[in-house]
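> Please construct the entire structure, taking both the sequences and the accompanying hints into account.
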Amino acid sequence: MIRINPDHDPAGLAGAYAASGKRMQVRDFLVAEDAARIHDILKTQTPWWLVFNEGAQVRQLPPEYLATLSQAQLNQMLIGVQERARREYQYLYQFHPMISTYFTPSAPKAPILAVMEWLNRPATLDWFRTLLGRPEIQWADAHATLFRSGNFLKEHTDADDANTRVTAYVLNFSPGWQRDWGGFLQFFDAHNDVEAGFCPAFNAINLFDVPQDHSVGMLSSFCTGHRYSVTGWFRSDPPPGPFGRVAT
470 MIRINPDHDP AGLAGAYAAS GKRMQVRDFL VAEDAARIHD ILKTQTPWWL VFNEGAQVRQ
530 LPPEYLATLS QAQLNQMLIG VQERARREYQ YLYQFHPMIS TYFTPSAPKA PILAVMEWLN
590 RPATLDWFRT LLGRPEIQWA DAHATLFRSG NFLKEHTDAD DANTRVTAYV LNFSPGWQRD
650 WGGFLQFFDA HNDVEAGFCP AFNAINLFDV PQDHSVGMLS SFCTGHRYSV TGWFRSDPPP
710 GPFGRVAT
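Residues in the sequence shown are numbered consecutively from 470, following my numbering.
Errors might be hidden in some of the hints.
[Stated by the list, open to error] Cβ-Cβ distance ranges computed for the label pairs, FRET-style: (1) Ile548 x Ala485: 42 to 50 Å; (2) Asp662 x Ala576: 23 to 31 Å; (3) Ser539 x Phe572: 27 to 35 Å; (4) His625 x Leu543: 34 to 42 Å; (5) Ala554 x Arg648: 19 to 27 Å; (6) Ser569 x His625: 17 to 25 Å; (7) Ala485 x Pro644: 22 to 30 Å; (8) Thr513 x Phe572: 22 to 30 Å; (9) Gln542 x Thr513: 41 to 49 Å; (10) Pro711 x Glu624: 35 to 43 Å; (11) Phe572 x Ala485: 32 to 40 Å; (12) Ala716 x Ile568: 34 to 42 Å; (13) Ser569 x Gly619: 24 to 32 Å; (14) Gly602 x Asn661: 27 to 35 Å.
These are computed hints drawn from the structure, not numbers from a lab.
Beta carbons are placed, not taken as given, at the ideal position from N, Cα and C, and that holds for glycine.
Set out below in structure tokens:
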């Protein structure tokens, strides 16, 4: 079972969201025991892929493949990421492909898929439609992410060619996050100043309308924490299939 903290009223939050430039963070978002259970699933029961880009091409490396690489091969791969990051858009982090595994009948169903199932329940979607003031939302996509020391996501807007991404969300599950570890969700103005930044606080949700200039700051070399999240977009296009495949 996944439950939103009943102290949060979506109609009451809607005004604050609209007045804040269509971005906000809500702390203590889920019932505490539900957030703790999701954190445990991310920490102990979720297979992690490595994802980075080479220009416009996305590289998604499953754990079975990563296990076959030598340290020298991994180092060479990371050197390429760092070199490209000096001159172009780049990202590097771990993720679990929730959408493809959910809608592929033969794919193993990791327990974290229950979060995407819950997000797409009619009552949950209605809750977010009310807060966001976006009745056109039809569904929410999702992927789980894990950022470790040295991981990052450079500045981008989340815009998609079809304009079907309505609002981005990030459900954070990182207990005891320290401000000097980095990994903040940062928003930029026209002068490249950071005009807002959200700590990946445990059991907080970040919400922002698309497009907006933002990044995930690099996690520091001395960071010992793991930045866990479930993130994606509330969308206006039809979902790729029906929900109701896994228990929540």
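> All the hints need checking, so say for each whether the structure fits it.
Now for the hints, and whether the structure bears them out:
no. : hint                        : result
1   : Ile548 x Ala485: 42 to 50 Å : holds (44 Å)
2   : Asp662 x Ala576: 23 to 31 Å : violated (43 Å)
3   : Ser539 x Phe572: 27 to 35 Å : holds (34 Å)
4   : His625 x Leu543: 34 to 42 Å : violated (25 Å)
5   : Ala554 x Arg648: 19 to 27 Å : holds (23 Å)
6   : Ser569 x His625: 17 to 25 Å : holds (21 Å)
7   : Ala485 x Pro644: 22 to 30 Å : holds (26 Å)
8   : Thr513 x Phe572: 22 to 30 Å : holds (25 Å)
9   : Gln542 x Thr513: 41 to 49 Å : violated (27 Å)
10  : Pro711 x Glu624: 35 to 43 Å : holds (36 Å)
11  : Phe572 x Ala485: 32 to 40 Å : holds (35 Å)
12  : Ala716 x Ile568: 34 to 42 Å : violated (18 Å)
13  : Ser569 x Gly619: 24 to 32 Å : holds (26 Å)
14  : Gly602 x Asn661: 27 to 35 Å : holds (29 Å)
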